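A.B. asks: Sequence:
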Amino acid sequence: MNIARVVATRATCSRRAVGCVVADSRGYVLSTGYNGLPAGFTHCVDKPCNGAGLPSGTGLNDCLALHAEQNAIARLKEPFSADTLYCTTAPCISCTKLILATSIARIVFEKDYVASGEALWRLAGKEWVKL
Numbered sequence: 287m288n289i290a291r292v293v294a295t296r297a298t299c300s301r302r303a304v305g306c307v308v309a310d311s312r313g314y315v316l317s318t319g320y321n322g323l324p325a326g327f328t329h330c331v332d333k334p335c336n337g338a339g340l341p342s343g344t345g346l347n348d349c350l351a352l353h354a355e356q357n358a359i360a361r362l363k364e365p366f367s368a369d370t371l372y373c374t375t376a377p378c379i380s381c382t383k384l385i386l387a388t389s390i391a392r393i394v395f396e397k398d399y400v401a402s403g404e405a406l407w408r409l410a411g412k413e414w415v416k417l
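Going by the numbering used here, the sequence shown opens with residue 287, and the numbers climb by one from there.
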């Protein structure tokens, strides 16, 4: 989780700084991600997008940032080698759906998120761990 906290410091979203690490079954880091705008866009910390000032869990379509989990999964060389996702904040429902498309069986996080995908993750019979 310490690595996820450090990765979160790279976030370019003014709304929230989130870090994510994906590891294999042996605990080796496969990829990392943080939330921020796609390549070629002005960072939200420099010019806030329309979703920057909205309350947590709302206006997700107004926010231009990719989530930390999305970035980490996009950088996985092999999505079916992944076992555990460590994230500073619980994944939203959209990220949870994306994570379910991999072999990740366990999500470990620190902070709750109002629009998390916990119910869907548990429905799939997978492990949801709050530190």
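Please keep in mind that the hints were generated in silico from the structure rather than gathered at the bench. None of these values were measured; they are calculated from a predicted model. Cβ atoms here follow ideal geometry from the backbone N, Cα and C, with glycine treated the same way. Careful, some of the hints might be misleading.
[As the list claims (entries may be wrong)] With beta-carbon atoms standing in for the labels, derived distance ranges:
#1 S389 - K333: 16 to 26 angstroms
#2 E364 - A410: 17 to 27 angstroms
#3 Y314 - G339: 30 to 40 angstroms
#4 R312 - G339: 20 to 30 angstroms
#5 A401 - R291: 31 to 41 angstroms
#6 N336 - K383: 33 to 43 angstroms
#7 L386 - K333: 30 to 40 angstroms
#8 S311 - T344: 19 to 29 angstroms
#9 A387 - V415: 31 to 41 angstroms
#10 P334 - E413: 13 to 23 angstroms
#11 V400 - N288: 30 to 40 angstroms
A.B. asks: Could you run down the list of hints and mark each one as holding or not?
C.D. replies: Quick rundown of the hints versus the structure:
1. S389 - K333: 16 to 26 angstroms: violated (38 angstroms)
2. E364 - A410: 17 to 27 angstroms: holds (20 angstroms)
3. Y314 - G339: 30 to 40 angstroms: holds (39 angstroms)
4. R312 - G339: 20 to 30 angstroms: violated (42 angstroms)
5. A401 - R291: 31 to 41 angstroms: violated (22 angstroms)
6. N336 - K383: 33 to 43 angstroms: Hint violated: Cβ distance 24 angstroms, outside 33 to 43 angstroms.
7. L386 - K333: 30 to 40 angstroms: holds (34 angstroms)
8. S311 - T344: 19 to 29 angstroms: Violated, at about 36 angstroms.
9. A387 - V415: 31 to 41 angstroms: Cβ of A387 to Cβ of V415: about 20 angstroms, so the range 31 to 41 angstroms is violated.
10. P334 - E413: 13 to 23 angstroms: violated (36 angstroms)
11. V400 - N288: 30 to 40 angstroms: violated (25 angstroms)
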